[in-house]
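All chains, full assembly: derive it from the sequences and hints.
In the UniProt record's numbering, the protein residues as written are 1 to 225.
Keep in mind that the hints were calculated from the coordinates and are not lab data.
Hints are not guaranteed to be accurate.
[Claimed, not checked] Below 27 Å or equal to it, Euclidean Cα-Cα: the simulated DSS-like pairs (lysine-lysine) are:
id, residue 1, residue 2
1, Lys115, Lys75
2, Lys153, Lys84
3, Lys168, Lys157
[Unchecked claim] Derived Cβ-Cβ restraints for the label pairs, each shown as a range:
id, residue 1, residue 2, range
4, Gly36, Asn105, 20 to 26 Å
5, Lys114, Lys146, 37 to 43 Å
6, Arg79, Gln100, 26 to 32 Å
7, Glu72, Arg104, 19 to 25 Å
8, Ile149, Lys198, 28 to 34 Å
Glycine is no exception: its CB is placed at the ideal position from the N, C-alpha and C atoms.
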Amino acid sequence: MLPKGYELRDEHVNVGYELLENLVDCGTQILEELIGIPKQVHANPGVVMGRGCQALAATTGLALDTMLNNGELTKSVERAIKSKVRGIYIHIQLINEVVQELVRNGLGTKKEAKKLEKVISNAINQNPQDFEPDDDEEKEDRGEFKWEIKNPKESPKVVRGPFGKIYKDPTQKLGHKDIYWSKDRAGHGNSAFKIFRKHGDELRHFADVDVEGNIISKHKGPIGQ
Numbered sequence: 001m002l003p004k005g006y007e008l009r010d011e012h013v014n015v016g017y018e019l020l021e022n023l024v025d026c027g028t029q030i031l032e033e034l035i036g037i038p039k040q041v042h043a044n045p046g047v048v049m050g051r052g053c054q055a056l057a058a059t060t061g062l063a064l065d066t067m068l069n070n071g072e073l074t075k076s077v078e079r080a081i082k083s084k085v086r087g088i089y090i091h092i093q094l095i096n097e098v099v100q101e102l103v104r105n106g107l108g109t110k111k112e113a114k115k116l117e118k119v120i121s122n123a124i125n126q127n128p129q130d131f132e133p134d135d136d137e138e139k140e141d142r143g144e145f146k147w148e149i150k151n152p153k154e155s156p157k158v159v160r161g162p163f164g165k166i167y168k169d170p171t172q173k174l175g176h177k178d179i180y181w182s183k184d185r186a187g188h189g190n191s192a193f194k195i196f197r198k199h200g201d202e203l204r205h206f207a208d209v210d211v212e213g214n215i216i217s218k219h220k221g222p223i224g225q
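Rendered as C-alpha cells:
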C-alpha cells in the first residue's frame with residue numbers, strides 16, 4: 001500500500017535505481033539504518049532479482065520521497081553521522097544527489113531538501129579528510145579507461161553488495177589502487193558490470209561498464225524500459 005497522498009511515478013523508480021546502483025559494500029546497512037528498508041528485502045540478490053529489483057527501486061524512491069517530506073530523512077542522516085554508521089561519509093553525498101534529483105522532478109520539497117543539504121555540508125566541513133578526492137581519479141580519464149572482463153573463478157570474492165558479490169580484480173589497477181567489480185544484475189542502461197576501488201576503508205563506485213568493458217553513461221528510462 002502506498003503512503004497516503006502518494007502516487008508511484010517513474011521518477012520514484014529512477015531515483016531508487018540511482019541510489020541502489022551506487023551503493024557499495026556497506027549498502028545494506030545504509031538502506032536499513034537511513035531509510036528503514038530491512039536487509040532481508042535486499043540482502044539476497046536472488047530474492048531481489050526473482051521478485052524484481054524494479055519493485056525495490058520503487059520502494060526505495062517512495063521511501064526517500066516520503067521521508068524527505070516529513071523531515072525524517074534529515075533526522076536519519078543526522079543520527080547516522082553522529083553514530084558514525086559504516087559508510088555514511090561516502091553515501092551521504094550520494095543521498096544528497098538523489099534527493100536533489102527528486103526535487104528537480106517535482107517530488108519532495110525544496111525546503112526539506114535544503115535542510116538536508118545543509119546537514120550534509122556541515123558534516124563535510126567538519127570531516128574534510130573523509131571527502132578528499134582520490135588523486136588517481138583526478139588524473140584518470142574515464143573516457144580512456146577500459147576494463148578487462150574477468151571470470152569470477154579467477155577473482156577472490158570480497159563482500160556481497162545489494163546486487164551480488166563484489167570481487168577483487170587480480171591483475172588490473174587504477175593508478176596504484178586495486179579494482180573491485182561486480183555483475184550489474186539489474187542491467188539498467190545496458191550496464192553489465194560495476195567497477196569500484198578503495199577509498200580509505202570503503203569501496204567507492206568508479207564506473208559502470210558494458211559487456212566489452214567500456215565505460216557507459218546510463219540512461220534512466222521510464223518504468224519497464
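Going down the list of hints, with the structure as the test:
Between Lys115 and Lys75, the direct Cα distance comes to roughly 10 Å. Compliance with the 27 Å bound is thereby established for this hinted pair. Using a Cα cut-off of 27 Å, the hinted pair Lys153 and Lys84 is violated, with the two alpha carbons roughly 35 Å apart. Restraint check: the Cα-Cα separation between Lys168 and Lys157 comes to about 6 Å, which is no more than 27 Å; the hinted pair holds. Between Gly36 and Asn105 the beta carbons are some 22 Å apart, a value that agrees with the proposed interval 20 to 26 Å.
In this structure the supplied range 37 to 43 Å holds for Lys114 paired with Lys146, their Cβ-Cβ distance being about 40 Å. For Arg79 and Gln100, the Cβ-Cβ distance of about 21 Å falls outside the hinted range of 26 to 32 Å, so the restraint is violated. As the Cβ distance of Glu72 to Arg104 is approximately 21 Å, the hint placing it in 19 to 25 Å holds. A C-beta distance of roughly 21 Å is found between Ile149 and Lys198, which places it outside the suggested range of 28 to 34 Å.
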